[in-house]
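Number of protein chains: 4
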Amino acid sequence: MKANPEAQSPIDIDPPQALRDAYRRVRSLTERLCEPLEIEDYGLQTAVEASPPKWHLAHVSWFFETFLLVPFLPGYVRFHPRFDYLFNSYYEQLGTGYWPRAQRGLLSRPTVAEVYAYRRYVDEGMEALLASVADVAWSTIAERLRIGLNHEQQHQELLATDIKYNLAYNPLRPAYRSDLSQSSCSQPTALAFTAFDGGIVEIGAKVDVGFAYDNEYPRHETLLRPYRLANRLVTNGEYLAFVEDGGYEDPALWLSDGWANVQSAGWQAPLYWERIDGAWHEMTLGGLRPLNPAEPVCHLSYYEADAFARFAGKRLPTEAEWEHAAATVPVEGNFVDDGRFHPRPASGHGLSQLYGDCWEWTGSAYLPYPGYRSADGALGEYNGKFMCGQMVLRGGSCVTSRDHCRATYRNFFYPHERWQFMGVRLAEDA
Amino acid sequence: MKANPEAQSPIDIDPPQALRDAYRRVRSLTERLCEPLEIEDYGLQTAVEASPPKWHLAHVSWFFETFLLVPFLPGYVRFHPRFDYLFNSYYEQLGTGYWPRAQRGLLSRPTVAEVYAYRRYVDEGMEALLASVADVAWSTIAERLRIGLNHEQQHQELLATDIKYNLAYNPLRPAYRSDLSQSSCSQPTALAFTAFDGGIVEIGAKVDVGFAYDNEYPRHETLLRPYRLANRLVTNGEYLAFVEDGGYEDPALWLSDGWANVQSAGWQAPLYWERIDGAWHEMTLGGLRPLNPAEPVCHLSYYEADAFARFAGKRLPTEAEWEHAAATVPVEGNFVDDGRFHPRPASGHGLSQLYGDCWEWTGSAYLPYPGYRSADGALGEYNGKFMCGQMVLRGGSCVTSRDHCRATYRNFFYPHERWQFMGVRLAEDA
Amino acid sequence: MKANPEAQSPIDIDPPQALRDAYRRVRSLTERLCEPLEIEDYGLQTAVEASPPKWHLAHVSWFFETFLLVPFLPGYVRFHPRFDYLFNSYYEQLGTGYWPRAQRGLLSRPTVAEVYAYRRYVDEGMEALLASVADVAWSTIAERLRIGLNHEQQHQELLATDIKYNLAYNPLRPAYRSDLSQSSCSQPTALAFTAFDGGIVEIGAKVDVGFAYDNEYPRHETLLRPYRLANRLVTNGEYLAFVEDGGYEDPALWLSDGWANVQSAGWQAPLYWERIDGAWHEMTLGGLRPLNPAEPVCHLSYYEADAFARFAGKRLPTEAEWEHAAATVPVEGNFVDDGRFHPRPASGHGLSQLYGDCWEWTGSAYLPYPGYRSADGALGEYNGKFMCGQMVLRGGSCVTSRDHCRATYRNFFYPHERWQFMGVRLAEDA
Amino acid sequence: MKANPEAQSPIDIDPPQALRDAYRRVRSLTERLCEPLEIEDYGLQTAVEASPPKWHLAHVSWFFETFLLVPFLPGYVRFHPRFDYLFNSYYEQLGTGYWPRAQRGLLSRPTVAEVYAYRRYVDEGMEALLASVADVAWSTIAERLRIGLNHEQQHQELLATDIKYNLAYNPLRPAYRSDLSQSSCSQPTALAFTAFDGGIVEIGAKVDVGFAYDNEYPRHETLLRPYRLANRLVTNGEYLAFVEDGGYEDPALWLSDGWANVQSAGWQAPLYWERIDGAWHEMTLGGLRPLNPAEPVCHLSYYEADAFARFAGKRLPTEAEWEHAAATVPVEGNFVDDGRFHPRPASGHGLSQLYGDCWEWTGSAYLPYPGYRSADGALGEYNGKFMCGQMVLRGGSCVTSRDHCRATYRNFFYPHERWQFMGVRLAEDA
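Chains as they are written, first to last, in our numbering: chain A, 1 to 430; chain B, 431 to 860; chain C, 861 to 1290; chain D, 1291 to 1720.
It is possible that part of the hints are untrue.
[Claimed, not checked] Distance condition first, Cα-Cα at most 30 Å in a straight line; then the derived DSBU-like pairs of lysine-lysine:
hint, chain 1, residue 1, chain 2, residue 2
1, A, Lys206, D, Lys1604
2, C, Lys1066, B, Lys744
3, A, Lys314, D, Lys1496
4, C, Lys1174, B, Lys636
Hints in this document: simulated from the structure, not taken from any laboratory. For clarity, every value in this text was computed on a predicted model and none was experimentally measured.
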C-alpha cells in the first residue's frame, strides 16, 4: 500500500480534457504492462501479497465504477452483479464484503477476456462521465478521478512486483520480458555523505499544489537534528560483504523480530538472490542474471535494511530527514517510464537515486501526521486505517511512474515484507 | 488413488496394434474431456487434492515417458529436463524428487500449449515404441502400457472431479458444460434388500484373466456370514431426511473422528449441496441445479456414509460382500462413456447401480490381501504404499470409463474425503 | 485407548464383597503409582495425548460418580458442580460438554489435594453403594463397576506412559523412580518362528466367561491361512541394525503416510532413543540409560513397526493370527505388577512375551467385528466410536496390570502414535 | 517488556549498604507476591506471554548470577549447569541458547523448592559480592545491580499480570487473593481536558539524575503543537457505552490490523469482562466482581484504545505530550505498594492517575530516541532490539512499584497485547 503524485503532472490539471487524457494514458499503461503475459500468468498468486494480474486489472476498474460511475453517471448499471464482491479489496464501509485476499488466485473466472471486456465497459462509462463537464459535482469527480488514477498507478507497480514474485516462484525461472536492457556499469559513484543542518523544517504536502494523498497532510513543522545522508543507495556489492561476513548468522545485528524472521523463514540473502555453483545470481523481470555488484541492493525487508545499517555503523534516515533532503532535488531517476524494470547503478554527482530505482526504508513508523484527518466515507479507508505496524518508505522505484513520485509521498509496508523494489540509503548523525 | 479394468477390454488384448488403438483411444478421451475448459481453468487448484487439469495432462504423459520411453525407446530424449521434477507425482524411488502436491496450481508455466506439445512429443515416442514389436521386452512393455492406460483413465476421472471442485469453488458457479442432459425421473426403484448366503468364497483378481492392479491380487478365500445388500444406492431424498432430522447435529450417530471433522469443517450437508432461499440445490458439472431427490446422494465422506447407515439402522457392506455380489452382475451402468457426468436415478429390477453412478464406500480398511506382493521398483509405489488409513470403495462412478470397471477393483480414499463421486449402498446382517 | 480383562480375575467375581475388594485394590494402585511424583508433576501435559496425572486421578473418579453414584446411590450429591465439565473425557451423549483435551495441563486448580479429596469422596460413595447389595439394579451396577475398574486400569497404564513422556520432555531428564531394577541380560532368546495351520478358527470373547469390552464381541469364525509367528519381540539390537542401515532415510521401506511423518517429525530413531557422544541411550521411567540391545525395542509407531518388518522381509501378524496363537498361552509376563516399568529381554522356550513387555502392533485396522453392537447410551461411546483410522495392538505391556490382559483384548492407536509401550513381533506366511 | 525508576529511590543511592538494603527489599517483595500461590500455580503458562511464576523467580536470579556473580564474584560456581539454558530469556549474545518461551510451562522440574533454593544460593552470593566494596569494579557492579533490581521489579509486575491471566483462564475462576479491598466509589472525577502550549520541549532522562534505562536516553528536544490532555483515565462506564453502541461490530472505528484481530480473536469486550446473566462482570486478582463503572477501563489492546478514542472524537496522546505533562506532576498514585492489585476510580483535582492504576497507551511507536546508543554486550539486548512493531505506554500501573515509576519511563508492547494493566487517557489538538 502506498500513495502519491506531484504538482506538474497532467493528472493535476483540472480541465476535463486534460484529465481525460490522463485517464487514457494511465489506463493504457496498465494494459501495456500486461502484454508480455501468457493467459496462464494472469490468474497466478503464489503468496498472499502477490495478487494475480487479472485481479489488479479488474480491481482498478471496480474502483472507478464504485467511486465514480455508480454515484455520478446517471443510469449506469454495474457490469456484473458479483464484481463488487470479487473486486473490492478491503473497503469495509461499502458493506459488500470482499473475496478473501489470500484466495484471489483461486478463481479461473471471469476469464482474462471477460476482465478486459469489463475494462472496456468501465472506460466507456468514464468517457461518458468526463464528457459531462457541466456537472455540478465536477470538483468531487475531478478529485476522485485523480485518486483513481494514482490508485491505478500504484497497482501498475504492484503488477510489476507481483508478476516478478509469481514468475520467480516457478522453478523454470521464466522471464517477464527477455528483451530488457541491462546496465554494463560495474563501478557506481563512490559512497559519500551529505550534511544537513538541523532546526525546525516543514514537511508534508502543501494544499492546492498538485495532488497528494490524505496521509501527506497536513504540512507541518518538525524538528531535525543535524544529519548526514548517503549520496546513493547501498549496492549489491556492499550488501554482499554483509552476507559473506555472516550477517545472517549474527543475532547481535538484528532486531528481535527480525532475527525471529530470519530463523523462521530461513533467510540467507535478499529475496531473488540465488547461489548457483558458487556464483550469486539474481532473478529479475528479465530473467535470471549474475549479480551485478554495482547495482543497488533490492528486495530487502526493513529488518535486513536495519541490520545492514547497524553492520555498517550507520542508521536509516527518518522520513523527515529524507523529505527535507529530497525537497531540494528534482524528480528524476529510473522509473517504469524508462522501461528497465530493474534498478540501475548510481552515477553522477550529488544526491542521486532519491527518486526511482528502489523505495528507501526509513526508520520512521507509519503514523498519522499531527492534525491528520482521513477522508470521509469508504475512501477514508485508503490510507488511514493502515497506520499501525508498518514502516515508511520514500522515493519510488524503477517500476513506479515518474509522475507518481514526489518528495512528500509516503509509502508503507510491514517490516518483514520484501517483495517490493525496496532498498537502503544510509544516514548518520552529524 | 484407485485402480482397475477387466477381461474383455481392448486394453487387455496383447497384439501391439490393439494396444496402439487403445493408447490412441484413451489419450484422445483425456483431451476431449478438456475441450470445454478455458485456458484459465487449466492451472487451477483450489484444494490440495484437486490438481490442475494442466498437471494431469502432463503427469500422465510423464508416466509413459518415464516408465516406457526412457527405458525402452532407444535414443529417446526427454522433452524437458525439469519435467521429471515437475510432473512426478509421488514416486520416491526415481530419486528426482517432485514438486509439492499442494503447489501444483502455482505454476503458470509450462503453458497449456506447451503441455499439449509435450503430449504430442510423447505420443510420437509411443507410436515409435509400439511400432517396434519385435522387441524382446515386449511383454514388459505391454504390461506397463496397460498400467499406463489404466493410470490415464484414473486421471481422466480425476480431471472430472477436480474440475468440478475447482469450478464449484468460484462464487460465480460456472458450469463445466451447459449442455448436459438431466434425468427427469423423480421416482427411483423402491429400496429392497437381496440376501446372500455366507460361507467361504473367493475374491480378488484371477491371474491371466484381463488386467488388474497388484492390489487386487492374490485371489484368495474369505469367510462371509449371511448378509443382505440394498438393490440400489441411497438417494438424495433419503439422505435429505437425515439432514433434516438433525443428523449433522447429533454426535451419537458419528464416529469420533467424523464428529470432529463435522465440527472443524462446519459440514451441514454433502459437498455441493447449497440451500438458496430455502430450497436445496446441488452444484454439478452442468451447473447449479435444484436437488433431485430421486438421484443417488453423491460426494459423501466415509464419515457421512457411516453416520447415515447408523441413522438408517443398517451398515456399510464389506468389500468382500460387495465383490461377492458384484461378481454375478455384468459391468453395466452410467459411466463417463455415457456423457452424463452425473449419477442417474435407479431403475429396473435386481441389484442396480453396482457399476457407475457413484463409488460405494465399504466398511473395509484398505489393507493388503493375504499374500500381497507389490511390484518391483518405483511402480511398486503405485498402490502398496497407500495401504494405511484409507477405506475401500467399489464399483466406479459416472465419470469412470466403462472398461476401467470390474468386480475386483479396489478404490481407496481417506475417510474425510468427499470430492470424488462417492455414495452409499446399505447392507445388513441376514 | 484400549480395553479388556479375563475370566479368573477377582474383578469378575460377582459377590459384592469381592467386587468391593477389587475396587479397593485397583483404586489403591492408582495412588501408589503417583507416590513418586512431585506436586509439580501432577499438572503437566507436554503433548495433547499425554494428560496430566491429576486429570487421570480425577477422571477415573468422575467415571464412577457419573455412571454409578449419580444414577444408583440415592441422595448422592456431586462433589463439585463443574467437575462433570472438567473431567468428562469425550462422552458427548452426557450433554455436559468437556474441557478441551489439549488444555488439560493448563489448569492449576483444583489442586492435587482437592483431587485426592475428590477421590476420597467418591470412594465413600462407592463403599456406600457396594454395601447396598439388595439393590435390584445389582447386575447393572456390577457390570458397570467392572467397566469402571478396567477403565481405571487403563488409566493406570496411561499414568505411566504419560508421566514418562512428560518427564522425558524435560532437558534435565528426571527419573520417575531412581530405584528401578534393570535387566543385566545381554543375550535374548534366539529368534525363531512357530508355524500355525490355517483354517476356520474362532476369535473374540465368549459370553459369560469373565469380563470383556464390547469391542471383543461377538466371538466369531474367521479364516486363517497357514502362518508363522516369531517366538519373541524384536530387540533393540535388531532395530538398531535398521537404524544404522539407513532405515529412516529410505522411502522404499515406508508407507506413504509413514514417510511423510518421518519427514515432518524428523524421526531418526524410536521415541526416547538419544545418541550422546556417539553412544545410544534410552530414556526410561528409571532415568536415562545406555541402550540394552537385548531388550525389546519399544515406543515404535505403526509406521516404524511396518517399515522394520519390510526391512526384515517379514510382516506384522493380523490380530486374528495373534489371538489364535495367544489363546493357547497362559497370561504370564512382565506386567506393572512386577514393578519393572520397562520391557525385559526374552528368555525361555516357546512363544514368549505375548503378554506384557510391549503392546504388539498388528496389521489389522481397528474395525467392528461382524455383528458388533455397541453398548447403549453414553457408555456405548467407550470403544465403538473409535473404529476408524486406528490399528489394533495386542498383548499388554510392562505397565499394564496382569489381570487386565487376555487373549481377546483389542487395544488400538493411530499409526503415528508411539508414546505407549509399543513394540513389534514379526510374522510371515507359512 | 518495559523498563525504569526514579531519582529518589534508595536503589539510586550508591553506598553499598544502601544498595544491599534495596536488594533485600526488592527480592523480598518478589517472594511475598508469590505467597498466596499454591504449588500447582507456580508452573502454569496458559499463553505464550504469561510465563509461570516459577520461571520468573528463577530468571531474575539467573540475571544476577549471569551479569554479576559469574563475572565479579571470585570463585563463584553456578547453582546448576543447565540453568543458564533454562532461565535465559532472550539474550542471544550469551551464546547459551534458551529454552523456548512458549514452553516454559512444560517443565515440572526444577521444583518450586529447588527454585527457592536457587534464590537463596544467589542471595548468598550477592551478599558476598556486596560485602566486597573495595572492588575496583564497583561502579560497574553498582550500575548492573540497579539494572538487576529494576529488572526484578519488572518481573514483579509480570508475576501479577501473568498470575491473573493464568488463573482467569481456569473455568473455576480462582482468586489470587480473596482478601483484597475494593473501591466503593461509584462516581469518578468528571472528565475534563487540560491545555498545554506547544513549542520545543525536552524529553528523556537526564544524565546522573537517578536511574534510567538506556531507551530513555538521550534527553533531547522535540517539537510539540498545542494540545489538551484528559484529567483522568477513561472509565469502565465510558467504555461500556462504546461496547453497547456496537463498537466491536463497526469496522469504520478500527485500524485495519485491529479489525482483523477483533474478527480472528472474537473480541467483544476488554479482556476479563464477562457477561453473566446479562450483567457485566470483571475477573480481578480478587476474583470475579460486578463491573464498577467508576473504575478505569483496563486490559485494553492498543487497537481497542485507538478505536475508543476515534469513537470519542479524540485521539491518544503522543509519548512526548504525555511526558511533558507528567514531568510537572509528583509520582503518586495507586501502586503495587498499596496492595490493591486493581485500578481505582479517579478522585481529586487536576491531572490524576498519571502514575499507577493503568499503563497508558500512547500513539507513539517504540523507536530509538535520536542519538540512542544501546549498552554494550548482552545487556544491550535489554531494550534496543525490541524497537520495532511495538507502541509506547507510559505511567505505570497498580501492580508497578512506586519507585519504579518516573516521567521518562518508556514501556512498550505489541498493539494486540492486552494482558497487562493497560488503559487509555484521551488527548486532542488544542
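Starting from the hint list further up, note which numbers the structure goes against and sort them upward.
Hints that this structure does not satisfy do not exist here, as all of them hold.
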